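Visitor: Here is how the chains run, residue by residue.
Protein chains: 2
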Amino acid sequence: MEKWKVIDTEYLIRRPWLTARRDSVQLPDGKILDEYYVLEYPTWVNVIAVTTDRRFVMVEQYRHGLQDIFTELVAGVVEKGEAPLDAAKRELLEETGFGNGSWHLNSVLSANPSSMNNLTYSYIAEGVEPIDTQHLDDTEDINVKILSEEEVKQLLRDDKIKQSLMAAALLKYFSNI
Amino acid sequence: MEKWKVIDTEYLIRRPWLTARRDSVQLPDGKILDEYYVLEYPTWVNVIAVTTDRRFVMVEQYRHGLQDIFTELVAGVVEKGEAPLDAAKRELLEETGFGNGSWHLNSVLSANPSSMNNLTYSYIAEGVEPIDTQHLDDTEDINVKILSEEEVKQLLRDDKIKQSLMAAALLKYFSNI
Numbered sequence: 001m002e003k004w005k006v007i008d009t010e011y012l013i014r015r016p017w018l019t020a021r022r023d024s025v026q027l028p029d030g031k032i033l034d035e036y037y038v039l040e041y042p043t044w045v046n047v048i049a050v051t052t053d054r055r056f057v058m059v060e061q062y063r064h065g066l067q068d069i070f071t072e073l074v075a076g077v078v079e080k081g082e083a084p085l086d087a088a089k090r091e092l093l094e095e096t097g098f099g100n101g102s103w104h105l106n107s108v109l110s111a112n113p114s115s116m117n118n119l120t121y122s123y124i125a126e127g128v129e130p131i132d133t134q135h136l137d138d139t140e141d142i143n144v145k146i147l148s149e150e151e152v153k154q155l156l157r158d159d160k161i162k163q164s165l166m167a168a169a170l171l172k173y174f175s176n177i
Numbered sequence: 001m002e003k004w005k006v007i008d009t010e011y012l013i014r015r016p017w018l019t020a021r022r023d024s025v026q027l028p029d030g031k032i033l034d035e036y037y038v039l040e041y042p043t044w045v046n047v048i049a050v051t052t053d054r055r056f057v058m059v060e061q062y063r064h065g066l067q068d069i070f071t072e073l074v075a076g077v078v079e080k081g082e083a084p085l086d087a088a089k090r091e092l093l094e095e096t097g098f099g100n101g102s103w104h105l106n107s108v109l110s111a112n113p114s115s116m117n118n119l120t121y122s123y124i125a126e127g128v129e130p131i132d133t134q135h136l137d138d139t140e141d142i143n144v145k146i147l148s149e150e151e152v153k154q155l156l157r158d159d160k161i162k163q164s165l166m167a168a169a170l171l172k173y174f175s176n177i
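Residue numbers (my numbering), protein chains in the order written: chain Z, 1 to 177; chain D, 1 to 177.
Rather than coming from a laboratory, the hints here were simulated on the basis of the structure.
There's no promise every hint is true.
Same chains, same label: a pair holds when it works inside one copy or across any pair of copies.
[Said to hold, decoys possible] The calculated DSS-like cross-link candidates involving lysine-lysine, where the alpha carbons are at most 25 angstroms apart (straight line), are:
#, residue 1, residue 2
1, Lys3, Lys145
2, Lys160, Lys145
3, Lys31, Lys3
4, Lys5, Lys31
The structure displayed is predicted, hence computed values, not measured ones.
Pulled out of the complex, with its shape left as it was, chain Z reads as follows (with noise of 0.2 angstroms):
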């Protein structure tokens, strides 16, 4: 199994929050796709955040794409020069006014590997306190949830951490595997 051969490309759209291009590809075989889209993104990095007394700290967000309000890990972009694990604590910071504690790195994946070109970093940081108070941007709407484990499992179980990367990355810190 080998890559496509890009042809072409032709941007659609290029804006900070969707850059959209359209490549004609031609495959293994010769034959030719015109008309492939590939949306763009930068790196996107989500904290699982654990308290020194094993609560999980946690944002509640209206998403307009399936317009309902979700809670969800503290998540965001990476900026242009920024390593992932900086941007994973400022924004864990920025959101909850959390800081400190140890970090790793939990999982790297794609939300989409044919249609999206970047990858989420997930972090677990154990041991977080609150050292500051939340900053938002001026069009964010984001409201701290402080959970137990047992309210995080009970989430996942009923499908209602919806975002698959944010799903992905909790069922992982869960697993026995």
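Start from chain Z and add chain D according to the hints.
Guide: Same frame as chain Z, but now just chain D:
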């Protein structure tokens, strides 16, 4: 926390493999965001297919977003008027030639509730068996891989099941939460 009010909608592209719209929205505090992008997709499905001797029927496929080859669950798009369960059975048969077995719903997740409007139904099919040959679309190139439970778990440990909807589904299946 309230839903956003959509003031205006404009479609940037409406093609079979990419539909993107730009919404102008009003937030609950009155602020206007005039550039919020939503990608519209049909419902997706994937299948954890397990043979009578507890082996996992999976596929290997080139994915142009990340430009690499991945081991995946059988997955696909629900056709217009089709039930998600029927789509899952159809995709398993088309991509692998496997069928029959006992089916039930495992999870309903979203690749990204902020930017995408669709859900993915993940099914467990236990006791599947080869009943036909593979029937691929003209541009599909899919290798069937029959894996042991331990091989699937190792792929999960190593983040080799890269697509988060599939990783989450398998991790939920194997979890004891």
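Visitor: Run every hint past the structure and note whether it holds.
Guide: Hints, one by one, checked against the model:
no. : hint              : in the structure
1   : Lys3 <-> Lys145   : between (44 angstroms within a copy, 19 angstroms between copies)
2   : Lys160 <-> Lys145 : within (14 angstroms within a copy, 31 angstroms between copies)
3   : Lys31 <-> Lys3    : within (13 angstroms within a copy, 45 angstroms between copies)
4   : Lys5 <-> Lys31    : within (10 angstroms within a copy, 45 angstroms between copies)
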